[in-house]
Structure formats: structure tokens, C-alpha cells
Amino acid sequence: MELFELAIGSIFINNIILAQFLGICPFIGTSKKMETAVGMSMAVVFVMVMAGMITWSVDTFLLKALNVEYLRTLSFILVIASLVQFVEMFLKKSIPGLYAGLGIFLPLITTNCAVMGTCLLNIGNEYDFTSALVSAFSYALGFGLALILFAGVRERVNLGRVPKPLQDTSIGLVTAGIIALTFTSFRGMV
Amino acid sequence: MAQSLAKEFTKGLWAEIPPFRLVLGLCPTLAVTKTVENGIGMGLATTFVLVFSNLLISILRNIIPAKVRIACYIVIIATFVTIVELVMQAYTYPLFLKLGIFIPLIVVNCIVLGRAEAFASKNTPVFSVADGLGIGIGFTLSLASLGAVRELIGSGTITIWGGNPVFALGDWYQPFSFMVEAPGAFVALGLMLAGMNLIGKK
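Going down the list, the sequences are from chains F and Z.
Quick note on numbering: this note's numbering labels position 102 of the first sequence as 102, and the sequence is numbered without any gaps.
So this note's numbering is basically just the index in the second sequence, starting at one, shifted up by 1000.
None of these hints come from the bench; they were simulated from the model.
Heads up, the beta-carbon is just placed ideally off N, CA and C, and yes, glycines get one too.
Be aware that one or more of the hints could be misleading.
Claimed, not checked - Chain F side only, calculated, beta carbon under 10 angstroms to chain Z, not exhaustive:
#1 THR73
#2 LEU74
#3 PHE76
#4 LYS164
#5 PRO165
#6 GLN167
#7 ILE171
#8 GLY177
#9 LEU181
Sequences and hints are given; from them, build the entire structure.
The following block contains the structure:
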């Protein structure tokens, strides 16, 4: 039950993009077309779950055991960067179909602060392994949900007549603000 | 020499000011600008990392192999971020708590990696430092001005340093708390960006 609450909370109430402000760059960058939004969301779900598990293990069994917690930032970014590289090579060799879909989004994920942010939040909240896994998965789902919703709205907005200074990123941010406003209504659900 | 050096420095303050002209590093921009103080703190921390990572990457630019350069840049950046983290923990602990995970997340701030790849890897150390300093100060100014707009409308105060407001609007003002909440951040940045586009395009 607690895990269910954690999942619902992470997807809707503490949505990683709209409430925690993590991963805004890919959110703005890949939301112009629905296809890229879906590709990015799937790549993030994939990498975030794996990164969540691995960084939790690295932190618990390596950094805390050796008492070198100050190396957390450095080791996490290295873990994430090499994980992304590894996933990319693995997919290219074994599942070319999936690689064709996710390919161009994978390198972008290294500098996606949502991945690193989720890993740091899991450690900061002192979750155990199951909670960390559930939280990483549901944050990733929340990322996908927000990104796909936003891409849908943005495709429509770009068809309309937008005043020149407001075009593109500017109107995108205002739209994101309105979507974030709707997400605040989930507060109090859990 | 001195003239082009000044040019590299001042381009960060207006022509390429992040995040308005160079739309990068939006996460900290939106997340920490509830008050001017947080914005300045975040901006200065980023400036430190930018200047020193630019300097080191520029010194090592002929030694780092091209194939693994991104990984090398990330390690260098992460080192300076760790230094900032430890220094802030020691000397400005309340600010460190307020900025939270966004201090370690400077590592994945696209501005820092972007300058490393686009500028420091191709220019001499002196120019790279000027570039890092300019972009960093521009970023600090942007964060402070966005923070000022949000804090003034959202809570009716301006806090520059140390947690005490230096300016308050008084009791007659009913704070519009939407601006300090998450949705207000998006709307405020979107409108400021539109304002910058309006001024910039003559």
C-alpha cells in the first residue's frame, strides 16, 4: 500500500517535470512532435529504472561501505554516462528495432537532469531498494505522461496564430505552466 | 587582444545571455528562483564551475583524446561541482539546504557542458575564462531578475542575501502566491522570454 501511494505521488503530485523542475530541457526540446516525445519517454523509462537500481546499489554497497559519500556526484554521473553508452551498444547489437526508435534520444539522456535527480532524490529520502525501484519507475512514467500530454497540446498551439515574440519556446513555457496548474489539483489525493 | 577579450566577456551578458538567448539550463532557472537570494546563490555556484571547468578543459584541450572528450569533460565538471558542494556545506549551509539537489545537478547543467564543448575545447585558457565568467554572470543576472519578478509578485518582498528581506511591499499588498508556485515559474519565464524577444528583435 505504501508503495502504491509512493507510485501515485511520484507520477501525479510530485511530477518530476511539472512540480520538481527536472528534465525541462528535453521536455521543451523533444515536444514539438508527438513521435519524438514518445521516443524520448520510452528511452527515459528504460534508462531511469536501470540507473535507479544501479546508483542505489553503488551508493549502498560502495560509497557508504567505504565512507566516501562525498564522491556521490562524481560517481553517479559516471555510472549514468557509462550506463547510457552501454545500453546504446547493447541495443544496437541485440534489438536493432528498439535502437532505431530510441537511438537518437539515448545520448541526450546523459545530461537529462531528471535521471540524475531521481537517483539523488532516492538516496536523499533514504529509500530501500524496492522503494527506490518503484520511485524511479513512477517518476519515469510521470515524465512520459507530462511530456506526451505537453506534446499533444503543443502541436495544436503551434497551428494557431501566436504573436511573434511569444512563438516557440516562450508560448511553450506558458503552456507548460497551465498544464502544471492542472497537475496541482492532484494534491491531497494521497 | 584586450578588445576581443572584452567581447567574449560581454557576449554572455546580453547577446548570448542564458537562459534567454541561449535556451539552456532551464531546470535550475525554474526551480530556484522563488527568491532573489536563491537565484544569486545558484548563479554564483554555476559561475564558479563554469570558470574553472572552462579553464582546465582549455588547458588540457590538446591532451584530451577527441573520442572520449565528453566523458573527460563530465569528470572535470563533476570535480568542480563537488568542490562547490563541500564549500557551500561548510560556509553557507542554509542556502545549501534551500538549493538542495540542484547544486549536485550543476553537473548535468547543459550550459556548463555546452560551453566546454563549444568554446573551451577550441580556445586559449584566457579567452575561456572570460567566456565562462561572462556566461556565468549573465546566468546569475537572469536568475536574479526572474527571482525578483517572482518574489515581488508572489510574496511581496525582495531578499538579496542572508534570508532577511531588504524590501517589502507592506500590508496593503495581497501576495499573488501563484508566482512562487511551480506553474507560476513556467509562466513567468515564458513571459520574460517573450519580453526579451520583443526587445531583441528590432
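The hints, checked one at a time:
{"no.": "1", "hint": "THR73", "result": "4 angstroms, holds"}
{"no.": "2", "hint": "LEU74", "result": "4 angstroms, holds"}
{"no.": "3", "hint": "PHE76", "result": "8 angstroms, holds"}
{"no.": "4", "hint": "LYS164", "result": "8 angstroms, holds"}
{"no.": "5", "hint": "PRO165", "result": "4 angstroms, holds"}
{"no.": "6", "hint": "GLN167", "result": "8 angstroms, holds"}
{"no.": "7", "hint": "ILE171", "result": "7 angstroms, holds"}
{"no.": "8", "hint": "GLY177", "result": "3 angstroms, holds"}
{"no.": "9", "hint": "LEU181", "result": "4 angstroms, holds"}
Figure legend: structure checked against the earlier numbered hints; every hint is met.
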